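From first to last, the protein sequence lines stand for chains P and W. Position 52 (the first sequence) corresponds to 52 in this note's numbering; numbering is contiguous. Numbers given in this note's numbering equal positions in the second sequence, counted from 1, plus 1000.
Simulated from the structure, these hints should not be mistaken for laboratory data. Wrong hints could be hidden among the right ones.
Claimed, not checked - The calculated lysine-lysine pairs, modelled on PhoX-like cross-linking and capped at a C-alpha distance of 20 Å, are:
| no. | chain 1 | residue 1 | chain 2 | residue 2 |
| --- | --- | --- | --- | --- |
| 1 | P | Lys-28 | P | Lys-212 |
| 2 | W | Lys-1056 | P | Lys-76 |
| 3 | W | Lys-1317 | P | Lys-46 |
| 4 | P | Lys-68 | W | Lys-1317 |
None of the values given here were measured: they were computed from a predicted structure.
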Amino acid sequence: MIYYDKVTKVYPDSSVALNSVSFGVEPKEFVTIVGHSGAGKTTLMKLLIAEDRPTEGKVFFESLNVHKLNKKQMSKLRRRIGTVFQDYRLIPNKTIYENIAFAMEAAGRSDSQVASDVPHVLELVNLSHKIWNFPKELSGGERQRVAIARAIVNQPDIIIADEPTGNLDPTNTFEIIRILQKINELGTTVILTTHNKGVVDAVGGRVITMEKGQVIRDDKTGKYIL
Amino acid sequence: MIFTTFKRITRTGFISFWRNGFLSFAAVVVITLSLCVFGALIFGSAFGRTLLAEVKSKVDINVYFTLDAQPSDILALQKNVNALPEVSSTTYVSSDQALADFNSRWQDNALIMQGLSEIGSNPFPAALNIRANNPSQYASIVNFLESKNPLNTDGTPIIEKINYQENKLVIDRLSKIIPTIEKTGTILALIFALVAIVVVFNTIRLIIYTARDEISVMKLVGASNTYVRGPFVISGIMYGIVSGIITLVIMSACAYWGDMAVLKLAGVDVAENFHLIVNVLSSYFMANFGQIFLLIMGAGVILGGLSSYVAARRYLKV
């Protein structure tokens, strides 16, 4: 479903974030990418949603070369990928409802669909009571749940979650992981990056270990080994 | 679908105009100040044009005829002068008319009236008042008159005197100064307008800069450029509309108070007697309100909308 083909990324300050990385992700997989900070995990995610371009190599989503798409195709592709960021990236001057509705409206959903799906998805992440609040009135864990709600509301083919638990306490961390697992059980591919040993052990599943921009291990049912 | 998108963009634009109260306020203040510069330019040029027209119209030449010149000869000459392309108007004042004018003007002054009655006959010559379209054209009109000068029955010329030489200095100076003032005014207006545009653009750029993360998130969620940029443009247009309305209110107040100040400065009597600059601004404002409204609102909407459109572009490249 996703394939990184000898991807190298060198940043303008000539630091090498990725060095000829190749691996694939199958549909309905739950893949955890682990590694220290600076190992290249976030860069991998950014390349998949074309927030950044690789210096060399290609990234495929199904048969599409992500970096050969025009603007319109790019927007369409991004609607098929739900993204969850470490820093939540909610829109500060929109309410929780509007934040989620925005993703649906951007995807061209009808008003009635928006009105029925947004409360539904907030119920899934257990935040129905905060629907008219603004992001700054929510705790970190709640914001991250909103971010997940926004990521899944368009029923994407894949969720990528880049350090979604990086800023959260253990209780909230496991709440987030539980939600991601539930989404995965419903048939959505999930790619999760983390440097938290507890998260890796809780998830089980496939673990890709990265170090200094290279994949050093790829285990079918891995444990956190670094 | 297009309608739905438009509706959503407009709604989002309105909401963010309202919610980003302080930024909207800042933008409205800056755009209002810029539009006030435009307003001042409009008023300045109206005032300047009226003043120049006033001064130009004050410049004229009088042709005085001999006392025995025949009115028919004078009228024939007037017709010839009127035919000249440089001439904007001529007024014939017969000697009887000149006497009547003098009488009505000095009727309360016994001394002068007594002096006049002692002369016995009408001492005032007939005169032709000539106004040219442009002060620089008087020289050629005078040339024409001197060459044309018709003769009386007794063979003497009917033109006694043309007061051109006395006015020549003023006329020459004005014909040099007026184009300079017009040119300088235009250049200054362009510079001010440019400064205003740059300031507005930079303010809006800063506002959109504060929303750059928001823009990138919207793009990463899969929104199209139009969908992300639209609300900013709508907000920008609203800044323009609100600023335009405020500016028009300020302009009408300025027109009113400005006229009052001029009246106070010149004194109501003086101003009225000399048909000076009475209510130049407010009458100009009212007479051209439609145009001014369109100009100010249009400038506001274009400044706000276009600045937002251009400023948002660089953050859309995600």
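These are the hints, each one checked on the structure:
At most 20 Å may separate the alpha-carbon atoms for a hinted pair to count; Lys-28 (chain P) and Lys-212 (chain P) exceed this at roughly 28 Å. Distance restraint check for Lys-1056 (chain W) and Lys-76 (chain P): the Cα-Cα separation of roughly 68 Å exceeds the 20 Å cut-off, and the hinted pair is therefore not satisfied. With a CA separation close to 14 Å, the supplied pair Lys-1317 (chain W) and Lys-46 (chain P) stays within the 20 Å bound. Only pairs whose Cα atoms come within 20 Å are accepted, and Lys-68 (chain P) paired with Lys-1317 (chain W) is accepted, the gap being roughly 15 Å.
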